[in-house]
Amino acid sequence: MTSSGGLEPFVVTTYGPSGIGKTTDMGYSFPTALFVAAPGALSSVRSVCGYLPARAEDINDIPSATKLIEREGASGKYQTVVIDDFSFLAEQTFAMLEKRYTGFKLWGALRDVVLEFRNQSRFAGMNVVLNCWEQGPKTRANGQKVRGGPQL
Numbered sequence: 003m004t005s006s007g008g009l010e011p012f013v014v015t016t017y018g019p020s021g022i023g024k025t026t027d028m029g030y031s032f033p034t035a036l037f038v039a040a041p042g043a044l045s046s047v048r049s050v051c052g053y054l055p056a057r058a059e060d061i062n063d064i065p066s067a068t069k070l071i072e073r074e075g076a077s078g079k080y081q082t083v084v085i086d087d088f089s090f091l092a093e094q095t096f097a098m099l100e101k102r103y104t105g106f107k108l109w110g111a112l113r114d115v116v117l118e119f120r121n122q123s124r125f126a127g128m129n130v131v132l133n134c135w136e137q138g139p140k141t142r143a144n145g146q147k148v149r150g151g152p153q154l
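Numbering-wise, the sequence shown is residues 3 to 154 according to my numbering.
It is possible that part of the hints are untrue.
[What the hints assert, rightly or not] Here are the in silico distance ranges between beta carbons for each label pair:
| no. | residue 1 | residue 2 | range |
| --- | --- | --- | --- |
| 1 | 60 | 124 | 23 to 29 Å |
| 2 | 40 | 14 | 16 to 22 Å |
| 3 | 81 | 108 | 33 to 39 Å |
| 4 | 60 | 147 | 37 to 43 Å |
| 5 | 108 | 151 | 19 to 25 Å |
| 6 | 78 | 149 | 36 to 42 Å |
| 7 | 10 | 42 | 18 to 24 Å |
| 8 | 94 | 125 | 23 to 29 Å |
| 9 | 98 | 138 | 24 to 30 Å |
| 10 | 121 | 49 | 32 to 38 Å |
For the record, the hints were derived by calculation from the structure and aren't laboratory data.
Glycine included, C-beta positions come from ideal geometry on N, C-alpha and C.
Kindly produce the complete structure, drawing on both the sequences and the hints.
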């Protein structure tokens with residue numbers, strides 16, 4: 003709760019397999035949100051929920067999403083931004099950074115980009131919701147078991 007008695011804005015991640023209804027769930031849950039989604043990705047919201055949500059254009063990587071969060075948080079126009087889907091943005095960001103870095107520097111640069119996104123999201127004064135693809139559990143070659151979770 004805030005000092006004024008209202009709820010604190012939240013940052014939340016959902017994940018699941020393709021086609022399970024993550025986007026439709028976001029459409030029902032956040033009808034007044036600004037959505038970050040690829041062209042055509044919100045067709046399930048239109049057909050199932052009955053409306054087409056507001057959509058941010060030209061957000062193709064995590065740094066662009068970070069700037070959007072910062073800008074929209076300052077504007078106060080939206081209470082919620084839904085990133086559908088953050089796994090795709092992470093993939094695109096990795097490809098962008100791979101042109102400049104290799105090895106540990108590449109992973110360090112990606113970590114820095116994601117941490118900046120997280121920090122901006124935490125303090126933007128609005129809700130930030132991320133949809134991700136699911137990465138199932140696996141066993142590495144050395145026998146170590148790795149939990150499943152969001153694919154990032």
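Against the structure, the hints:
1. 60 to 124: 23 to 29 Å: Given a distance of about 24 Å, which is inside 23 to 29 Å, the answer is holds.
2. 40 to 14: 16 to 22 Å: 21 Å Cβ-Cβ, so the 16 to 22 Å window holds.
3. 81 to 108: 33 to 39 Å: At 35 Å between Cβs, range holds.
4. 60 to 147: 37 to 43 Å: holds (40 Å)
5. 108 to 151: 19 to 25 Å: holds (21 Å)
6. 78 to 149: 36 to 42 Å: holds (38 Å)
7. 10 to 42: 18 to 24 Å: Violated: the Cβ-Cβ distance is about 34 Å, outside 18 to 24 Å.
8. 94 to 125: 23 to 29 Å: The hinted range 23 to 29 Å holds for residue 94 and residue 125, with Cβ atoms some 24 Å apart.
9. 98 to 138: 24 to 30 Å: holds (26 Å)
10. 121 to 49: 32 to 38 Å: Given a distance of about 36 Å, which is inside 32 to 38 Å, the answer is holds.
Of the hints listed earlier, the one the structure fails to meet is number 7.
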